[in-house]
Amino acid sequence: MPTMTYLQAISDAMREEMRADERVFLMGEDIGTFGGAFKVTDGFIDEFGPKRVMDTPLAESAIIGCAIGSAVEGLRPIAEMQFSDFVSCGFDQLVNVAGKTYYRMGLSVNITVRLPSGGGFSGGPYHSQNPEAWFMHAPGLKIVAPSTAEDAKGLLISAVRDPNPVLFMEHKHLYRRVKGDVPTGSYETPFTARIAREGTDLTVIAYGAMVHTALEATADLDGSVEVLDLRSLVPLDEEAILKSVRKTSKVVIVDEANQMCAAGAQVAAIIAERAFEDLDGPVVRVATPDVPIPFSPTLEQSVLPQVDDVREACRELLEY
Amino acid sequence: MLMMRGIEERAMTLYRQGKVPGSFYDGFGQEAVSAGATWAMAAQDRLCILHRDLAAHIIRGVEPWRIFAQYMGRADGITRGRDGNVHFGDRTKGCVGMVSMLPDMMLIATGMAMAFKLRGEERCAITWFGDGSTSRGDFHEAMNWAGVQKLPVIFILENNQYAYSTPLDQQFAVNPIERAAAYGFPGVSADGNDPEAMFEVVRAARERAIAGEGPTLVEAVTMRMHGHAAHDDMKYVPTAQVEEWRAKDPIDRQVRRLEALGVDTQAVRDSVKAEIEAAVERALQSPQPDPETVLDGLFADEPALLEDGNGPWSGFRS
Chain A
1 MPTMTYLQAI SDAMREEMRA DERVFLMGED IGTFGGAFKV TDGFIDEFGP KRVMDTPLAE
61 SAIIGCAIGS AVEGLRPIAE MQFSDFVSCG FDQLVNVAGK TYYRMGLSVN ITVRLPSGGG
121 FSGGPYHSQN PEAWFMHAPG LKIVAPSTAE DAKGLLISAV RDPNPVLFME HKHLYRRVKG
181 DVPTGSYETP FTARIAREGT DLTVIAYGAM VHTALEATAD LDGSVEVLDL RSLVPLDEEA
241 ILKSVRKTSK VVIVDEANQM CAAGAQVAAI IAERAFEDLD GPVVRVATPD VPIPFSPTLE
301 QSVLPQVDDV REACRELLEY
Chain B
1 MLMMRGIEER AMTLYRQGKV PGSFYDGFGQ EAVSAGATWA MAAQDRLCIL HRDLAAHIIR
61 GVEPWRIFAQ YMGRADGITR GRDGNVHFGD RTKGCVGMVS MLPDMMLIAT GMAMAFKLRG
121 EERCAITWFG DGSTSRGDFH EAMNWAGVQK LPVIFILENN QYAYSTPLDQ QFAVNPIERA
181 AAYGFPGVSA DGNDPEAMFE VVRAARERAI AGEGPTLVEA VTMRMHGHAA HDDMKYVPTA
241 QVEEWRAKDP IDRQVRRLEA LGVDTQAVRD SVKAEIEAAV ERALQSPQPD PETVLDGLFA
301 DEPALLEDGN GPWSGFRS
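Protein chains in written order, with the numbering used here: chain A, 1 to 320; chain B, 1 to 318.
Among these hints, one or two may not hold up.
[Said to hold, decoys possible] Rough simulated footprint, nothing fancy, chain B against chain A, three-plus residues with beta-carbon under 8 angstroms:
#1 48-60
#2 204-216
[Said to hold, decoys possible] Label-pair ranges, simulated between beta-carbon atoms:
#3 A:L58 / B:P167: 27 to 37 angstroms
#4 B:T239 / A:V291: 24 to 34 angstroms
#5 A:D290 / B:D169: 36 to 46 angstroms
#6 B:K235 / A:E188: 58 to 68 angstroms
#7 B:A173 / A:P57: 18 to 28 angstroms
#8 A:V291 / B:Q241: 34 to 44 angstroms
To be clear, the hints were calculated from the coordinates, so they are not data collected in a lab.
Since the model is a prediction, treat every value here as computed from it, not as a measurement.
Ideal placement from N, C-alpha and C gives every residue a C-beta, glycine not left out.
Please build the complete structure, drawing on both the sequences and the hints.
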């Protein structure tokens, strides 16, 4: 099994799907000759040509709207938002058209929207957001967020094949920092949670980059800590969440997104509703306070959940 | 056109009787816009249809009783009660129903045209939108992209004088038809109250599209003769303006034209009326949707193969 970066795994997934299925094509800003702002599509235009690697005008609503139109005609577009922040300009097409079309009219919208998300590199307020919760609130959209290279490839292939609109939250801070063994060829990863590390005393629930923060924070704690990687936010794997919480009776939820109504808030609500009797302590959340993500590295690190923040939260809860 | 007006007039009485929930939107006076344009399209073309374009659905073969069932939110409506009375499109007939954010469908039509071009098919997409829609960004994004890619799409601007209560002079400083040239394709004005004029203009636009010459913006100049919806008494419209347009009624004009050719238009009226009454009766028999099913169909399973095995498209038949 070759070792790949998270970024290479995403490229590999698209290359496999494009080779196997002529309905799959790419659209986005600067993805052609330039190879994308993060070089995820580097070389694609040489192999697949400009018809299937479509450089678009700077128009997110058009990218998503045209992807929807081509999808109801049976194609399988993968649309790139250059930065996940820019999806706000295409919000209406996702929320009002993509998410509702199958429910209203039975027309399947087989689109994948790639959203390079997250902070940690001084991107400032417009290049560091984690917008997944905006869309969790809108029915009809699936949302996945891989933390490993292997899952990045498998979840992206699943997203492309899924007949529904899928938002693929790829964490840009993981692009070149995370490497791992990635199976060759085509494989699908289900939209379910995975246990990143088994434990018995405490569960840390995270997704995306925060899975790595959680693993590092809990590696040498006094106590056996389970780390649950959600991988998919819609659908949310409620059974995996409840099973782990019932086993450990204590839970810390980590969100890189702003705390208010974040994905972790939904996880906390599910636990409160369905596993209250199994808890031996309060549900604890570690998340980014409700401010824009600041530019200065000092300020940015002070708001994004750090390894020490998660470690401290876990330690306190273990002692509760 | 007679069927459209007849269905909408009958639906308005059903609305007043409380049998149509929500409000009710009609296209009284605008029948020629969708009728003329739709007749100019081929069976394999796709239609993104607006709320005052009922003739497009009828010409595409949607049965009137299902339209009434749709208005009434019944189980046999096109959206099975999932969406409001005029928001519908029968996917099996190549129609996409509108969303309320009006120029959004311009991008859906543009995306469809993109698929046709990518697959090298001789097909065209058409979409309608109002004068108010021209103020939103999606109007620009669709026109720009379609122009850049020379896509086979026809944009029909229904200039019906008012966006809800907002008149044209408060909507734009320059008529949007003049913007087409800036996007690199023609803008053509047509008499939106004349189905034959609409047919001719759209037929030419379709030929251009199929020949790979790109999109056309067609301005259908017409007048919304009723309020924005049933609850709107349109007191903001000067009486003289209504009277001026009443004299240009598209159905009266077409009837005169056909009678001059010897057509028995009264017989057509009678048959349309009978068909509408039968449709209402049948629609009233349609059950209310079952609340047990309200959560069904949020997400799709794999789209089924069509009978012709022509790839797992979304359900359109060509």
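Using the C-beta atoms of A:V291 and B:Q241, is the stated range 34 to 44 angstroms upheld?
About 53 angstroms separates the Cβ atoms of A:V291 and B:Q241, which means 34 to 44 angstroms is violated.
Is 27 to 37 angstroms a correct range for the gap between the Cβ atoms of A:L58 and B:P167?
About 33 angstroms separates the Cβ atoms of A:L58 and B:P167, which means 27 to 37 angstroms holds.
Annotated coverage of the region 204-216 of chain A by chain B, confirmed only when three residues or more have a Cβ within 8 angstroms
violated (count 0)
Just to be sure I understand the hint, the distance between the Cβ atoms of B:T239 and A:V291 should be within 24 to 34 angstroms; is that true here?
violated (56 angstroms)
Cβ separation of B:A173 and A:P57, checked against the hinted range 18 to 28 angstroms
Check passed, 24 angstroms falls within 18 to 28 angstroms.
Does 36 to 46 angstroms hold as the CB distance between A:D290 and B:D169, or does it fail?
Once the Cβ atoms are compared, 43 angstroms apart, the range 36 to 46 angstroms for B:D169 and A:D290 holds.
Does the Cβ pair B:K235, A:E188 satisfy 58 to 68 angstroms?
holds (59 angstroms)
Please count how many residues of the region 48-60 of chain A have a CB within 8 angstroms of a CB from chain B and say whether that reaches 3.
holds (count 5)
Hint compliance for this structure: hints 2, 4 and 8 are broken, all remaining hints hold.
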